[in-house]
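Start from the sequences, fold in the hints, and give me the full structure.
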Amino acid sequence: MKKLVIGLFLGLLPLGIVFAQEKNEKKENAFYQLIAKDINGKDFAFEQLKGKKVLIVNVASKCGLTPQYKELQALYKKYSGDGDDLNKKKFIIIGFPANDFGKQEPGTNEEIKSFCTQNYGVTFPMMAKITVKGDEIHPVYQWLTRKEINGVKDAPVEWNFQKFLIDEQGKFVEMIPPKEKPDSEKIAQWLEEK
Numbered sequence: 000m001k002k003l004v005i006g007l008f009l010g011l012l013p014l015g016i017v018f019a020q021e022k023n024e025k026k027e028n029a030f031y032q033l034i035a036k037d038i039n040g041k042d043f044a045f046e047q048l049k050g051k052k053v054l055i056v057n058v059a060s061k062c063g064l065t066p067q068y069k070e071l072q073a074l075y076k077k078y079s080g081d082g083d084d085l086n087k088k089k090f091i092i093i094g095f096p097a098n099d100f101g102k103q104e105p106g107t108n109e110e111i112k113s114f115c116t117q118n119y120g121v122t123f124p125m126m127a128k129i130t131v132k133g134d135e136i137h138p139v140y141q142w143l144t145r146k147e148i149n150g151v152k153d154a155p156v157e158w159n160f161q162k163f164l165i166d167e168q169g170k171f172v173e174m175i176p177p178k179e180k181p182d183s184e185k186i187a188q189w190l191e192e193k
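Counting in numbering that gives the first Met the number 0, the sequence shown runs from 0 upward without gaps.
Incorrect hints may have been included.
Below are the DMTMM-like pairs computed for lysine to aspartate or glutamate, each with C-alpha atoms no more than 25 Å apart in a straight line [stated by the list, open to error]:
{"#": "1", "residue 1": "Lys51", "residue 2": "Glu173"}
{"#": "2", "residue 1": "Lys132", "residue 2": "Glu179"}
{"#": "3", "residue 1": "Lys77", "residue 2": "Glu147"}
{"#": "4", "residue 1": "Lys185", "residue 2": "Glu173"}
{"#": "5", "residue 1": "Lys77", "residue 2": "Asp99"}
{"#": "6", "residue 1": "Lys51", "residue 2": "Glu147"}
{"#": "7", "residue 1": "Lys61", "residue 2": "Asp84"}
{"#": "8", "residue 1": "Lys36", "residue 2": "Asp84"}
{"#": "9", "residue 1": "Lys69", "residue 2": "Glu192"}
{"#": "10", "residue 1": "Lys112", "residue 2": "Glu192"}
What follows is a set of in silico ranges between Cβ atoms, one per label pair, in the way DEER data are often shown [what the hints assert, rightly or not]:
{"#": "11", "residue 1": "Gln168", "residue 2": "Lys87", "range": "16 to 26 Å"}
{"#": "12", "residue 1": "Val151", "residue 2": "Ser113", "range": "12 to 22 Å"}
{"#": "13", "residue 1": "Lys69", "residue 2": "Glu147", "range": "27 to 37 Å"}
{"#": "14", "residue 1": "Glu192", "residue 2": "Pro105", "range": "32 to 42 Å"}
{"#": "15", "residue 1": "Lys146", "residue 2": "Asp83", "range": "31 to 41 Å"}
{"#": "16", "residue 1": "Glu147", "residue 2": "Ser113", "range": "30 to 40 Å"}
{"#": "17", "residue 1": "Gly106", "residue 2": "Gly150", "range": "27 to 37 Å"}
{"#": "18", "residue 1": "Asp42", "residue 2": "Thr116", "range": "31 to 41 Å"}
{"#": "19", "residue 1": "Asp153", "residue 2": "Lys87", "range": "28 to 38 Å"}
Simulated from the structure, these hints should not be mistaken for laboratory data. Cβ atoms here follow ideal geometry from the backbone N, Cα and C, with glycine treated the same way.
Here you go:
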């Protein structure tokens, strides 16, 4: 009887390991399973970001930090690589307009797109306006702000222009506070790491 119990136990062990590995893989790849609507209303699948460093930022047009758009665009131009093909980029910035802080992003998606392009020459991907906190928080921001989902840390959004760094494997690296500029030494060092 003892041999039968041990045999059954040992026989199920690899199956348990397989299930644990599948669960871990799903959690590790959760970032690449996310989807958002871009500013034109089309689906933007995060799976196309595999192998790239990603900076995600919640933006607003009427904020004291709005001039960071200029620095974000300069950062994108310097580190993303040549051309417009997203697949060939090494680094991507994704802007998420949100009206959660001081009602500083009241515009429509069309108005936001026009504002960013005309005033700051933004060429990095902009998503449709979302909510980054509270009951209506977008799934992307659920992943970014909750340790039980991203596996690293809780990082609730404090204000407009909070930045999140994601590595080439889709893992949460760091949260950069809103007032820290996009051209900070911390962000530059991370981008220049191999």
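| query | Holds or violated: Lys36 with Asp84, Cα cutoff 25 Å? | reply | It holds: about 18 Å lies between the C-alpha atoms, which stays within 25 Å.
| task | Indicate whether the distance between the beta carbons of Asp42 and Thr116 respects the range 31 to 41 Å. | result | violated (21 Å)
| task | For the pair we were handed, Lys69 and Glu192, check the Cα-Cα distance against 25 Å. | result | Measuring from Cα to Cα gives roughly 23 Å; hence the hint holds.
| Can the restraint linking Lys51 and Glu147 be considered satisfied, given a maximum Cα separation of 25 Å? | holds (23 Å)
| task | For Val151 and Ser113, compare the CB-CB distance with the range 12 to 22 Å and indicate the outcome. | result | Hint violated: Cβ distance 36 Å, outside 12 to 22 Å.
| query | Going straight from one Cα to the other, do Lys51 and Glu173 come out at no more than 25 Å? | reply | Satisfied, since the Cα-Cα distance of roughly 15 Å is no more than 25 Å.
| request: With 30 to 40 Å as the target window, see if Glu147 and Ser113 comply at their CB atoms. | output: Distance hint for Glu147, Ser113 holds at roughly 38 Å.
| said: Taking the Cβ atom of Lys146 and the Cβ atom of Asp83, is their distance within the range 31 to 41 Å? | reply: Taking Cβ atoms as reference, Lys146 and Asp83 lie about 36 Å apart, which means the hint holds.
| said: Within 27 to 37 Å: is that where the Cβ-Cβ distance between Lys69 and Glu147 falls? | reply: holds (36 Å)
| request: Take the C-beta atom of Asp153 and the C-beta atom of Lys87, compute their distance, and say whether it sits inside 28 to 38 Å. | output: holds (34 Å)
| field | Restraint status (C-alpha distance of Lys185 to Glu173 at most 25 Å) | value | With a Cα-Cα distance of about 10 Å, the restraint between Lys185 and Glu173 holds, given a limit of 25 Å.
| Holds or violated: Lys112 to Glu192, with C-alpha atoms at most 25 Å apart | violated (32 Å)
In summary, the structure is inconsistent with hints 3, 5, 7, 10, 12 and 18 from the numbered list given earlier, while agreeing with the others.
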